[in-house]
Amino acid sequence: MSTPAITMEQLAKRYAGGCVGLDGVDLEVAAGGFFGLLGPNGAGKTTLIGLLSSLVRLDRGRIRVFGHDLARDPVAAKALIGLVPQEVNFNSFEPVGEIVAGQAAYYGLSPRRARRRTRAVLELLGLTDRARQTAWGLSGGFKRRLMIARALVHEPRLLVLDEPTAGVDVEARHGLWALLRRLNGEGITVLLTTHYLEEAEQLCDHLAFIDGGRVIARGATGELLRGLDHDTLVLDLAADCHSAPALGDVAARRVDTRTLEVDVPRGQPLNALFTELSRQGVQVTSLRNKSNRLEQLFFQRVYGDEREVRA
Amino acid sequence: MSAAYWFAYRGMVVKQLRRFLRTWVQTLLPSVVTAGLFLVVLGELVGREVRALDGVSYTEFLAPGLIMLAVVTNAYNNVTLSFFGAKLQRHIEELLVAPLPAWLIVAGFVTGGVLRGLLVGLLVAALALPLTGLELRHPGATAGMALLAALLFAFAGLINGVFARSFDHTSVIATFVLTPLIYLGGLFYPVGRLAEPWQTLSLANPMHYIIEGFRHGLLGTSAIAWPATFAVLAVVTAGTGAAAWALVARGVRVKP
Chain A
3 MSTPAITMEQ
13 LAKRYAGGCV
23 GLDGVDLEVA
33 AGGFFGLLGP
43 NGAGKTTLIG
53 LLSSLVRLDR
63 GRIRVFGHDL
73 ARDPVAAKAL
83 IGLVPQEVNF
93 NSFEPVGEIV
103 AGQAAYYGLS
113 PRRARRRTRA
123 VLELLGLTDR
133 ARQTAWGLSG
143 GFKRRLMIAR
153 ALVHEPRLLV
163 LDEPTAGVDV
173 EARHGLWALL
183 RRLNGEGITV
193 LLTTHYLEEA
203 EQLCDHLAFI
213 DGGRVIARGA
223 TGELLRGLDH
233 DTLVLDLAAD
243 CHSAPALGDV
253 AARRVDTRTL
263 EVDVPRGQPL
273 NALFTELSRQ
283 GVQVTSLRNK
293 SNRLEQLFFQ
303 RVYGDEREVR
313 A
Chain B
8 MSAAYWFAYR
18 GMVVKQLRRF
28 LRTWVQTLLP
38 SVVTAGLFLV
48 VLGELVGREV
58 RALDGVSYTE
68 FLAPGLIMLA
78 VVTNAYNNVT
88 LSFFGAKLQR
98 HIEELLVAPL
108 PAWLIVAGFV
118 TGGVLRGLLV
128 GLLVAALALP
138 LTGLELRHPG
148 ATAGMALLAA
158 LLFAFAGLIN
168 GVFARSFDHT
178 SVIATFVLTP
188 LIYLGGLFYP
198 VGRLAEPWQT
208 LSLANPMHYI
218 IEGFRHGLLG
228 TSAIAWPATF
238 AVLAVVTAGT
248 GAAAWALVAR
258 GVRVKP
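Those sequence lines, one after another, are chains A and B.
Our numbering numbers the first residue of the first sequence as 3 and each following residue consecutively.
Our numbering numbers the first residue of the second sequence as 8 and each following residue consecutively.
Please keep in mind that the hints were generated in silico from the structure rather than gathered at the bench.
Ideal Cβ positions, reconstructed from N, Cα and C, are used throughout, including at glycine.
It is possible that part of the hints are untrue.
[What the hints assert, rightly or not] Heads up, simulated BS3-like pairs for lysine-lysine below, C-alpha to C-alpha not over 25 Å straight-line: (1) K145/A - K262/B; (2) K94/B - K292/A; (3) K94/B - K262/B.
[Unchecked claim] Derived DEER-like restraints, expressed as beta-carbon distance ranges: (4) W138/A - E203/B: 34 to 44 Å; (5) P113/A - L49/B: 40 to 50 Å; (6) T287/A - L95/B: 50 to 60 Å; (7) R25/B - N291/A: 50 to 60 Å; (8) V242/B - A168/A: 21 to 31 Å; (9) G189/A - R25/B: 47 to 57 Å.
Next up, chain B with everything else stripped away, as it sits in the complex:
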């Protein structure tokens, strides 16, 4: 990367960081509070009635899914809203007139989403730690899975931001697609214990593999083949990134 591109990338990332740190009550806090409530209500209160799952307590079982929920929803929402906001206020034009290639514009937005996703994930993990006594079994796998998931959903959020024409459009996918997929992807229960056809249907849910992959990294237990999951996730992330780049390069919904 040339020095000029590095300075431009740095400038974009600094703006993204300032944006979500300045409004931390709206951007960082809600996911931490939600995860805390789930851990206390479901983990501590309901969890007492639940036997150990895959060899860990219910609170421990919940924690990886809640962390991943925070990572992917924050990465997604940050990019969707910042790109849509830039379109709405027209300051996306600051980037379009500047001597920046499309990949660099994508990198700036996506880095902002990834940083917010990982930061909120860390905050949720910090909250879960005293409640669950989590041990980081595979640090590399945990970090890799979190980073890939954040990247994938940041790219997906950018695609959502490109096509969004109103604030409604920025929340539809997150509310009606992303959140149900995460909730039904084995966050609260082991998919293997479901009866048919729900088990087969759950296995078709991509979020199941992301949650299980992350659970493997944190707890050392997993219902899936972890290396294959990581490889598939990397390929899907690359494909989503290429689609996001193509949309920005063509100026879809941005340039008449």
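The shape of chain A in the complex, shown without the other chains:
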């Protein structure tokens, strides 16, 4: 069995003023995996990333990166990580190429190798034409690309991204997903935090839900999704409906006169549902999932089912 990319044991962090960042987090990310970290705002995701990337001081616990203890052997551990933070953290007055080449130097690359790697990652992220442009003038999407280029310049084995697609348009988001899949396919372990649950479902092979500084659920994405007990479907009706029909095992709610929501237990065929709706004179013109399955699971794990129903 290969050494895990990340091993976290009993991580604890409390900020000045008593705010709990993390409270006894254990987590393991397999080498070569694509791991998603989900949770509401203030759950502790960015604290966890900060501890892993040495931007936050650890109160208690232990972090190992590919077996290297971050506290005892920080140089070896840090050399393996590439970080894409949530907020812009480069010198906006420097040209794009100098920012990337500077980071290459900080990771100990020789000037020749730094130039070669800078050219390669700028090309990879579509920034070659902007190499001499001051970073200040870049759009939000290009700033994000610049931070990814900078994180990749020293060829890390672990890429850590803190909400990389926040504020990025749909086209750029899908482009980034393709890039991350490609990098993961080349053997780079990816740890991702995101608010876009569709993103996590599409990309991640393993997930952890974090809330209140604790990991409240973790596992393979498929296994976690199989844990959902029902799917919520939205039905558009052909005619007005003034009360929700009684449908046996299927809970039904009226959203408006032409829309119903139904909770179908997992594994139950839909034929019986439609037969019963037809019997009661309710004609359905179309149907769709209320939310993606991971979003449903997120609400179930973090807030409980009631919140999901209200939403």
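Position chain B relative to chain A; hints supplied.
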């Protein structure tokens, strides 16, 4: 130093150099203009009315202090502002995530400050030379004193940068502590000619010893024991450097 550390150090220094050379009108020119004005107004115009001090003309007497003023204020301000700017824009994180020991991060910032301090000092000296006819009496002592003073104030500037929370904090020490100490440390007058208690008070001013040490190197005249000054300055510089390293290593005001 391993090759990786050398490349990282080189990278940091190149960034520092680019930063202050790119903005030379703000970083290099003001000290040269100020020193030039002092030399012309005080040295040439007022100095004609002043008798020789310690065997040299008043313009010659002024020049070492003005050069040292340029060296220490530029070394100090460069490190304070570049460290504070890195905190403000958060690009200090580029260094914190990288596999760099704290001493190397300190070395990168401090080297930038020392280089700017010495460069501006050289520019002021180049301006003073035709005005004063300065002769370099003790080149080794002059270079050593300038280097040590630049190092000391670069370390001190880093400490200021660590604790600064606003741009006001970056200028308070330089404006209200450093500059008065230099002006009152014998830049414009021989401290030995002051009446008591001002003479005793001036002797407690550390800048007096730095200016006099440098004056010894340039003019060969000095009111202090030069080797002792050099030794004390070296010890104080080492202590200030250790304090700067400890602050950066602990991530004070940088890591929550």
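Hints and how they fare:
For the proposed pair K145/A and K262/B, the alpha carbon gap of about 23 Å is at most 25 Å, so the pair holds. Straight-line distance between C-alpha atoms of K94/B and K292/A comes to about 44 Å, which puts the hinted pair past the 25 Å bound. Under the criterion of a C-alpha separation no larger than 25 Å, the hint pairing K94/B with K262/B is consistent with the structure, at around 10 Å. Distance hint check for W138/A and E203/B: the Cβ-Cβ separation is about 57 Å, which falls outside the suggested range of 34 to 44 Å.
Checked against the hint of 40 to 50 Å, the C-beta distance between P113/A and L49/B comes to roughly 47 Å, which is consistent with it. At roughly 57 Å, the beta-carbon separation of T287/A and L95/B lies within the given 50 to 60 Å, and the hint holds. For the pair R25/B and N291/A, the supplied restraint of 50 to 60 Å holds, since their beta-carbon distance comes to about 54 Å. A beta carbon spacing of about 51 Å between V242/B and A168/A contradicts the range 21 to 31 Å that was offered as a hint.
Our hint of 47 to 57 Å for G189/A and R25/B is violated, since their Cβ atoms are close to 35 Å apart.
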